[in-house]
Amino acid sequence: MSMPEQLIASDTVNTTCCYCGVGCGVTATVANQQVVSVSGHQQHPANKGRLCVKGSSLHETQQSPDRLLSPMLHGEPVDWDTALGYGADKFRAIIEEHGPDAVAFYLSGQLLTEDYYVANKLMKGFIGTANIDTNSRLCMASAVVAHKRAFGSDAVPGCYEDLEQTDLLILVGSNMAYAHPVIYQRVAKAKEERPELKVVVLDPRRTATCELADVHLPLRPGTDAFFFNGLLNFLAEQNSLDAAFIRDHCTGFDEALAAARAQVPSLNAAAGHCGLDAQELAQVYHWFAGTDKVVTVFSQGVNQSSSGVDKGNALINCHLATGKIGRPGAAPFSITGQPNAMGGREVGGLANQLAAHMGYDNPDDIARVEAFWQAPNMARKEGLKAVDMFRAIEEGKIKAVWIMATNPAVTLPEAGRVRRALEQCELVIVSDCIGNTDTAKLAHLVLPATTWSEKHGTVTNSERCISVQKGFLSAPGEARHDWQIICEFAGKLGYGEHFTYPHQVDIFREHAALSALDNNGQRGFNIGALAAIDRAEYDNLRPIRWPVTTEAPAGTDRLFTDGRFFTPDGRARFVPIQAKAPGLAPAPDQVVMNTGRIRDQWHTMSRTGTAAKLLGHVDEPYIDVHPADIQRFGLTPGDLAILGNGQARYYGRVKEAASQRQGEVFVPMHWNQKYALASCADDLVNALVDPLSGQPEFKHTPVTVKPFTQAWNGFLLSTGDIAPACEYWAKITLAGGYKFRLADGRLPEDWLAWLKALYPAITDWVRVSDSGGQFFRAAGFIDGVLSVVLSTATDKKSAPEMRWLEDQLNTRIDANARFAILAGTPGAGVEDVGAIICSCFQVGEKTIEKAIADGCGSVETLGERIKCGTNCGSCIPELKGFFK
Amino acid sequence: MVQILKVVVHEHQKVAVVAHTRKRLLIVGNGMAAGRLLDELLKRGCPQLEITVIGDERQGSYNRIMLSPVLAGETRAPDIIGKPSSWYRDRGIRFVSGVQVKAIEREQQCVLTTEGSRLRYDHLVLAVGSRPATIPAENQDLGNLFSFRTLRDVDKLLNLARFHHLHGRQTDTDALVIGGGLLGLEAAYGLALKGLRVTLVHRSGWLLNRQLDDTAGGFLKQVLEQKGIDFVLSDEVARFTGSHQLTGAMFKSGRQLSCKLGVIATGITPNKELGLAAGLAGERAVAVDDTMATSDQHISAIGECVEFNGETFGLVEPIWQQCISLADRLCDNTRTPFVNAPVPTKLKVSGVNLFSAGEHLTKAEHRELIYRDDNAGIYRKLLLKDNRIVGVVLFGDTRDGQDYFAMMTEKQDVSAIAPLLLMGRAFYRAEDSEAA
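Protein chains in written order, with numbering that gives the first Met the number 0: chain A, 0 to 883; chain B, 0 to 435.
In case anyone wonders, no lab produced these hints; they're calculated from the structure.
For lysine to aspartate or glutamate, the following EDC-like pairs were computed, each having C-alpha atoms within a straight-line distance of at most 16 Å:
#1 A:Lys845 / A:Glu877
#2 A:Lys89 / A:Asp100
#3 A:Lys879 / B:Asp78
#4 A:Lys705 / A:Glu655
#5 B:Lys251 / B:Asp234
#6 B:Lys42 / A:Glu863
#7 A:Lys879 / B:Glu73
#8 A:Lys292 / A:Asp166
#9 B:Lys42 / A:Glu859
#10 A:Lys491 / A:Asp80
#11 B:Lys251 / B:Glu137
#12 A:Lys866 / B:Glu316
#13 A:Lys883 / B:Asp78
#14 A:Lys292 / A:Asp241
#15 A:Lys188 / A:Glu163
#16 A:Lys755 / B:Asp373
Given the sequences, and given the hints that come with them, work out the whole structure.
Right, here's the structure in full:
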């Protein structure tokens, strides 16, 4: 197809990582159509040779057992023509009857820019609705609006080097050590070389990132804007403002300062609002005031809030007020979650954007894009943002949705409600590389897409750096590139002539041309200099930071170096901020649930969950709880507890965590119904959103907490993926299959029946049972191969997990070793005696052979030495046989 | 205790002084108990004893447990004869074979044989064993209906089995074996190996019902069925059919089966008559004290013909202990009390390993631990009470039987190792050492 053939042949390939927004360059070694190893690309500016544990495991997550290989219509494989014909006919019929706003696309920061571009073009220009949104809504939307309000454009001012070159690095709501490990490593190295580089972490939790911090300020959740309003007031009081910069390059300072001062008039007021020690707070304020080069990195702790945009602007206000922007080592820096979150923003693949940094607030933009696309059905108003989009699906206003490369059934707030909405939706199309995500399970039509190492196109990381993610393996089965699927679908809708691209580069060129169209330096995103790129240049594109224009053909490391912004008057705008508390305060019997990433997992685990190695660090959903709350709620570390909000439940193992503030718990966001029965954090998150960005408040959900009263617990090892019939299970990938950790409030009446119901095909079982109910263990074999092990107990110690046992799964087990399987250990200190010869004294063949080898020369001496044959004497003929 | 010992020593000195000649020890019976007693006596080197053995069988002492391999042809008869005639001769023991003792004349300290001769003794040992138990079926006095007790029984069966193909009469089965205990199973297995179609009849609902529970009994039945044995369980023969020769059986259930031969192997009855007729104390058998002395100080008894504290014996282990106790007294005048300790049943039926000790049927008061591997034919059951093992039933893999038995007799608290107990000592012992 469109596979660059010279790449297939080569042994090593430079590409990019498919995980976080750092956007690391990856050098993959390929042999026999397999990625055999990966390493960091030495020359890539994002990582300079480094890789984190997720990136280092890319080759171990290549072979998913759940890989989707064929289009599936109502669960049955069909050919592409049938699949797309079905989808297009339904789309057309719904549009004809209910109008274009009755359909929607929900995209992903995992898509490549070219995929994004054609999806956006099809929806907004041809189908005629802006109901196209993306999981970037859950991640970056607040920063986008904050950037646009302050800079007139969604543009990150600095680049990664600024984090190394600064003298004060403030990390706000960012657990960089886990979420952006390579940048964290770069900062750690810089701090090692220049210990005077100060690092401050603002986070309610004491995260792993705090290891690097000179000061950790454990502020009350959601009070970031109070902190920065207080800082702005402090800077003014301390006379630490850059008056010239404010005067020459900004507007709205007085209003912003007045608002800040009115709300947070003093340092003590700031400390009070934020729940911080006033002295520690003062220290950081003084550092900010007294340091010329400051970078403030902000991430989901700021963005995922019902007032995330304001938080971003409160923070940016402080940088503008001190002129700490547009210079090396000085910038507010939004760090994104996904590999191509920014690429999606560039093409405008969001409901409140149009295309290429153009918006619905400008009729000229609409006309310009309409003409450029030769669009017959131009959408002229914003569409529905993610939460509203799925609400409209629930209400039946949207009747068809196409979800690409993302898993909203897990990731949206009130995820259970989203699942129910999808269940009743008239048409759900999912295109993904994995066929059984929680979302794909709800789809009528599932389309197999290519994935990392197969797909080919560009991505943009957090520092505006465009890189090529390369396709170097052929797609398995029927899988196709997302852009191809979209273009063919467009063809079925009758728009084929506008979606005929021989190669990804043709899409890229069109995208680049649109970015430059009538730009004149007014729109931040401009890669016009790449509009005539040839295919070879594209395939081997050197990582480059936009804007890329005739004036800056090698790209642009930093924006705003000349103090000019993308606003109509060229000035940055201060935004007066009235800081707000989170949307819901906890009731007296509730705690606040915070959500976030763990080190080794990515999003909903559909890729990282398949590598045993990546479940070694944390393998089960958990709840970090402050010791005082453990006492208060009667919890036990290591036991399960249940968080509740309305009907939704999150089951997790209690971890005692002094890193938590009292009254607040933390849970990982990754688990979903593929990896645990009821441990989807977002089921509990309320669908409260920022009114400006539409981004949900994932970081602050009042929940109840109570211990889970279990009747039994245990584990199940299984070569096959199943759904155990019990109240709690969490799945852990092993080399030979899966481990399920289990617990339930009720004991099954018959354990073997419980097991056989899960594995009706297995007939070869061995088990131990206990009428006292303390334990039950069983193992199932298929042709001698260990396929299932169940171990349960009513106490907490009688079903211990054993690494040795896990290694036996999916291996052939000798008949003698079946005891060991149920014991869970190979056994020690007792030799295998062989077949029993002397029944009376239980003397085995091997023991006898050994005694003979040691010098026993007759049946009589054997009897003296090891007693065999000296009781009933029945074995004496057999013993004689040893001497023949 | 010390007091008694002194008296015994005193008496011994008196005997030694008065009768300066060797003491005549007469052993009646030449089965396994007698054979073992001889071994124990010789081991002690007893020059003061002049030993005579009278046996009604022609051979020297042989291993009765091995009759079934002989029947099956796995072992030859000479191989199970531990003591051929030469053995007695070489050791200066007088061996009177093929002779039965009719009566004991205690006053004269002699025995009367069926041949009419009398043998004097200074000390007499009764080791006359037992005989096959009878069953309450009618018409048992038929040709081709055997017991399974002696080499002679086996000879007859072998002879018949050898010729059964020549008798072309169509029957439901070739051999009908009565009794699903150890003896019956062995007889059935031996005959099956000879190529006969065998049907085993057992009164209980499962085999070896005194040692196994129904599950283990079921496992055993399954294994034996694969070896060509049919079973009629929960039924009994009401009457045998045939006028001179056995032709079949009618069952209490009304079932009828025709056959060519039958074996009754339902158990044993102690041969108590010789002793009790002479006025020795005893009810079910000849009563002995814990040094194997009967109510007559010149007469001792061992083996299946004795009764100790109301118990009779059928397994070799306690009988071996009896031999030790008696040999210590006769040779060394040492008192080694016989203790009727619990004995595990370790059976090797037809190549299938079984082990049973203590209780074998699960009751409400028990905590029951079970290991079960249907494919490998392994079943293990431990019955616990107050965290102590009170019962062991092992089928198919008996390697840890002795260990369980030791824990049972030592009343060891096994609660801490319960989950690993059934997997064997390789696992729960390892746990012990780790914990330590």
